[in-house]
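Enquirer: Here is what each chain is made of, one letter per residue.
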Amino acid sequence: MKEAQGHNKNKKFGMVIDLDKCTGCGACMVACMAENNVPFREDESDKQLGTAWMRVYKMTNGKPFPETEVCYIPRPCMHCEGHGGHSPCVSVCPATATDYDNHTGIVSQIYTRCFGCRYCMAACPYHARVFNWWDPVWPADMEKMLNPDVSVRMRGVVEKCSFCYHRYQRAMEKAYYEERQEIEEDEYQTSCTQACPAGAIAFGDLNNPDHAVHQLVKPDNRHGGRPKNPHAFRLLERLGTNPKVYYLSSREWVIRAGDNYVKNEKTGAGGH
Amino acid sequence: MVRMVGERAVKIEGLEGHPVNDGGVCVLGLSGLQLLYGSTRVKTPLKRVGKRGQGHWKKISWEAALAEVAEKLGQLRDDNQSHTVACITGSKHGTIPALFKRFMTVYGSPNVMTTPSVGDTLEMALQVMHGVEAQAGYDVENADYILSFGSGLIEGWGAPVRMFRANSAWRENGTKVVQVEPRLSNTAAKSDQWIPINPGTEAALAMGIAHVMMKESLVNNDFVESYTEGYTGWKKMVLDEYAPEKVASITGIDKMVIVKVAREFAGAGKPLALCGRGNGETPGSLAEAMAVHTVNALVGNINQEGGVVAVPIPEYAAWPETGLDNTAQIGMAKDRVDGAGSDAFPLAASLLNRFAAGAMSAKDYPVNALLVSGTNPVYSTPGANDFKKAVEKIPFVVSFSSYMDETAMQADLILPNHVYLERYEDIPVMAGLQKPMVELTQPVVFPMHDTKNAGDAIIELSNAMGGSIGDAFPWESYEACLEETLGDKWDVLSEDGLWEDEAFQPAGWGEAFATASGKFEFMNPDMDLMPSYVPLNLEGNASTFPLLLMPFDSMRLASGFISDPPFVIKAVEDTILKGKDACVEVNPATAKSLGLADGKPATLSTPKGEARVRIYHYHGIMPGVVAIPRGPGHSADDKYMAGKGVNFNELIGPVEDRASGLDMAWGVRAKLAKA
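Chains as they are written, first to last, in this note's numbering: chain A, 1 to 272; chain B, 1 to 675.
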């Protein structure tokens, strides 16, 4: 793991997704595919074989008609910090192909190091990692639309959401060029955040009190980043993965669906 | 906004500050480059060499293609058969449809049709009740109580991104959203209250709500007393016919829920009722649109902040008329093949749902040629198989499509348009916005292939035909025509991509109505029209087809002219498409009674056809009702799209609304059996 260097305070980039606003339209998924050169095949209906970095799940409250409720839940990589950078996937990678960056809090995926053992996929409790069972094929003239900032991946390697790290690099390069040490909140936004037509996704530095993500969830860094906002939650909070993706919902059953609660257990701030 | 790397377009992104979209983009917009660079493009003019639909083509030059169209159409004209040529365009507004219409007029045919939507029905409702030609705009941003009669507010209804933004704002400012619908759609799932209703009885609920409001004197007295006509008679009818008990038995909604919603609606500061099922692509019943409109009128939200606004249609594409020669005059005097504007359907300007039957029967005359631009009616018209048969019978079919879609597959000649990223085109925004607005599509890349803007194609065709036809098209190119036509809007449009009539103010109640009485009219005795509940006579009988099949719309499935590109197909849920099969939503209770297990194959049949589907147990759908999405089931297109699922339009036929002539069908009888 890289240690913090220089005089800059470490950042912790994270995401807050408002499930009350998310309409399940899928724009985040498609914006991600277009930005990150995510390949596609003829049949994409077997989702376990697919390569989506961002996937929107549909959940229901399990009640019969007409008490049924539905909630969509977009799931990028959670960029888990664990305890001191021990994300589940980073801990198991034998090739150092995935790493926790203490400067940014971003979990990387280095395709040229990955040899496809898929330990990380087994370790990830969020199914955020996908495997390339086939080489990508870009039909007709579609190679023209490949984003030159993101390398395409070959058969046999694992890939996942990078929080559009290339956008961070681009923003930092611009800042250095302009003799700045820091970037503004809006200079680095992920493709899904930018595209979301409902404005349901916020992205920024969880450590920066001026950033929307910090204000929305009020993370408690002394307690593994737990949200102080009672409407905010993280997936499988009690697993201790310390994810950097938070969700907001006004609905109790949605919050409960985010973790494995026993029947009479209370949910709510601090009770996660 | 398109990110360019050299000559390559690599990413479409939203434009910050855009008054409609403000940075957001819908899935189809985000994958637009896959349309540009995809394999479904028609790359050069094509002439059919095999049988219709076989897909055997020969490349020909633009000169040869246009000369062939000019010769065929010229021959028909020489034989005094100009009226037997029909034309179908996508939108009805903007310069491209206007150029096609102008061409057809000077050529001598009244048979110009456009792709229908609920916008047509709402325009008619405003024509009857307001006496004005206008589209219905909805000030959704400023309303504080939304009562939606099945509108897919976040599923493609109106301008999608604008509606997403409004939906998020409602969540923040506490606007209550009530969704009335038999199925838990995404809109229903996001609403504050979902009221399941028996399919097709939405108008009865609207009338029941009107009943409660009038009975309990919860109406806007100022508006009703001073600015309306026919109120007393209509009120008596509603009080007699639509008591909550009766409406409860029709709609299946508890009486107290009806009363409560009526009181809440009337008690809200800025209540707004919306209609147009799903994404609004089907017109629906005129009486129903009027019923929902009266719910708005009773609270006096007509032309008010947070209400319904009659927005004038931007009619800038009105060029000076040029002379019609004798042949054209004779042709233009003939009755239309779809019956629009006839004594039976005086309100209708176009009835595409009646075209197939008209063309098949050839009662007055056959259809000898068909031009299709900006739409894919062989796929998207309810009764799609009948429509295809009608097209097969037409001796000469010309498509202007950029893509090898189902309609292009039936063509004799394809004159491919540039895709929207390669061309100029003005798009008046008609989708429920509260101000007149025009968008301009502008080229961001050079045309990839040997294609031509449909506007240029029609100008060149006119010139090739010469005479009074050529005289009507004095422009040297479509771009010149567009620039001249848009006049002072051009600078704004070419700079910002969007023109908005910022000075527009809705007319006050004293000036808003141009009916015979000069007031808002609840009833039109001359036309025997009034807001009411007209039950739909569903095709098929209930013993053979015990279920009701309804379509639903998803933002991840394009159901109109353009079909899903690969990225969007990839984003489609596995509860919608599984392998090549469409999944049909069935309530677990219904499925159990039919012995249909989750995930298993089944045969879905209707009086119109049958399809292989997979059962998807979904608690969010009313027992006895089943649903499949619109959008899949393409036979043309590439391997990513074609051959997957079923085209809902092949399972349903149009049901004519006697008041409007438009298609009022919202569903069809069906049965499900193990496959």
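These aren't lab readings, by the way, just hints derived from the structure by calculation. Careful: at least some of the hints might be erroneous.
[What the hints assert, rightly or not] No farther apart than 25 angstroms at their CA atoms in a straight line, the calculated lysine-lysine pairs in the DSS-like style are these:
no., chain 1, residue 1, chain 2, residue 2
1, A, K144, B, K176
2, B, K592, A, K63
3, B, K592, A, K144
4, A, K47, A, K266
5, A, K58, B, K215
6, A, K63, B, K389
7, B, K580, A, K63
8, B, K639, A, K47
9, B, K236, B, K215
10, B, K43, A, K144
11, B, K435, B, K580
12, B, K592, B, K671
13, B, K600, B, K674
14, B, K489, B, K600
15, B, K580, A, K47
16, A, K58, B, K255
17, A, K63, B, K600
18, B, K72, B, K389
19, B, K578, A, K58
20, A, K58, B, K236
[Said to hold, decoys possible] So the derived list for chain A, only partly shown, Cβ under 10 angstroms to chain B, looks like this:
no., residue
21, D18
22, G24
23, E42
24, A52
25, P64
26, V70
27, T96
28, F131
29, K144
30, M145
31, N147
32, P148
33, D259
Keep in mind that this is a model prediction, so the values were computed, not measured. By construction, the Cβ of each residue, glycine as well, lies at the ideal position given by its N, Cα and C atoms.
Enquirer: With reference to the structure, classify each hint as holding or not holding.
Expert: Checked hints:
At roughly 46 angstroms between alpha-carbon atoms, K144 (chain A) and K176 (chain B) are farther apart than 25 angstroms, so this suggested pair is violated. Proposed proximity of K592 (chain B) and K63 (chain A) is supported: the alpha carbons are some 16 angstroms apart, at most 25 angstroms. Of the pairs offered as hints, the one joining K592 (chain B) and K144 (chain A) is violated, with about 50 angstroms between alpha carbons and a cut-off of 25 angstroms exceeded. Simply put, K47 (chain A) and K266 (chain A) have alpha-carbon atoms about 33 angstroms apart, too far for the 25 angstroms limit, and the pair is violated.
Using a Cα cut-off of 25 angstroms, the hinted pair K58 (chain A) and K215 (chain B) is violated, with the two alpha carbons roughly 43 angstroms apart. Taking the CA atoms of K63 (chain A) and K389 (chain B), the gap is about 45 angstroms. The hint is violated against a cut of 25 angstroms. Pair hint K580 (chain B) plus K63 (chain A) does not hold up; C-alpha atoms about 30 angstroms apart against a cutoff of 25 angstroms. For the hint pairing K639 (chain B) with K47 (chain A), the CA-to-CA distance comes to about 18 angstroms; that is within 25 angstroms, so the pair holds.
The straight-line distance between the Cα atoms of K236 (chain B) and K215 (chain B) is roughly 10 angstroms, inside the 25 angstroms bound, and the hint therefore holds. Between K43 (chain B) and K144 (chain A) the CA atoms are separated by roughly 17 angstroms; this keeps the pair inside 25 angstroms, and the hint holds. Distance restraint check for K435 (chain B) and K580 (chain B): the Cα-Cα separation of roughly 43 angstroms exceeds the 25 angstroms cut-off, and the hinted pair is therefore not satisfied. At roughly 14 angstroms between alpha-carbon atoms, K592 (chain B) and K671 (chain B) fall within 25 angstroms of each other, so this suggested pair holds.
For the suggested pair K600 (chain B) and K674 (chain B), the alpha carbons sit about 8 angstroms apart, so the restraint of at most 25 angstroms is met. With a CA separation close to 56 angstroms, the supplied pair K489 (chain B) and K600 (chain B) exceeds the 25 angstroms bound. This hinted pair checks out: K580 (chain B) and K47 (chain A) have alpha carbons roughly 14 angstroms apart, not beyond 25 angstroms. Straight-line distance between C-alpha atoms of K58 (chain A) and K255 (chain B) comes to about 33 angstroms, which puts the hinted pair past the 25 angstroms bound.
For the given pair, K63 (chain A) sits about 22 angstroms from K600 (chain B) by alpha-carbon distance, which is consistent with the 25 angstroms threshold. Of the pairs offered as hints, the one joining K72 (chain B) and K389 (chain B) holds, with about 22 angstroms between alpha carbons and a cut-off of 25 angstroms not exceeded. Distance check on the hinted pair: K578 (chain B) and K58 (chain A) sit about 16 angstroms apart at the alpha-carbon level, within 25 angstroms; holds. With a C-alpha separation of about 47 angstroms, the suggested pairing of K58 (chain A) with K236 (chain B) is violated against the 25 angstroms cut-off.
A distance limit of 10 angstroms between C-beta atoms decides the matter here; for D18 (chain A) the minimum to chain B is near 8 angstroms, and the interface restraint holds. The closest approach between the C-beta of G24 (chain A) and any C-beta of chain B is roughly 5 angstroms, which is under the 10 angstroms cut-off, so the hint is satisfied. Annotation: interface hint on E42 (chain A) holds; nearest CB of chain B at approximately 5 angstroms, less than 10 angstroms. Given hint, A52 (chain A) at the interface with chain B, holds; its Cβ is 7 angstroms from that chain's nearest Cβ, closer than 10 angstroms.
Against a cut-off of 10 angstroms between C-beta atoms, the interface hint on P64 (chain A) holds, since the closest Cβ of chain B lies about 5 angstroms away. At a threshold of 10 angstroms, the smallest CB-CB gap from V70 (chain A) to chain B is about 4 angstroms, leaving the interface hint in force. Interface restraint check for T96 (chain A): the shortest CB-CB distance to chain B comes to about 31 angstroms, outside 10 angstroms, so the restraint is violated. Checking F131 (chain A) against chain B: minimum C-beta separation of about 16 angstroms lies over 10 angstroms; hint violated.
Annotation: K144 (chain A) was flagged as interfacial toward chain B, and the flag holds, the nearest CB pair being 5 angstroms apart, inside 10 angstroms. The criterion of a C-beta within 10 angstroms of any C-beta in chain B is met by M145 (chain A), whose closest approach is roughly 4 angstroms, and the hint holds. With its C-beta approaching chain B no nearer than about 5 angstroms, N147 (chain A) sits inside the 10 angstroms limit, and its interface hint holds. A least Cβ separation of about 6 angstroms between P148 (chain A) and chain B falls short of the 10 angstroms threshold, and the interface hint therefore holds.
A cut of 10 angstroms between beta carbons decides the hint on D259 (chain A): the least distance to chain B is about 22 angstroms, and the hint is violated.
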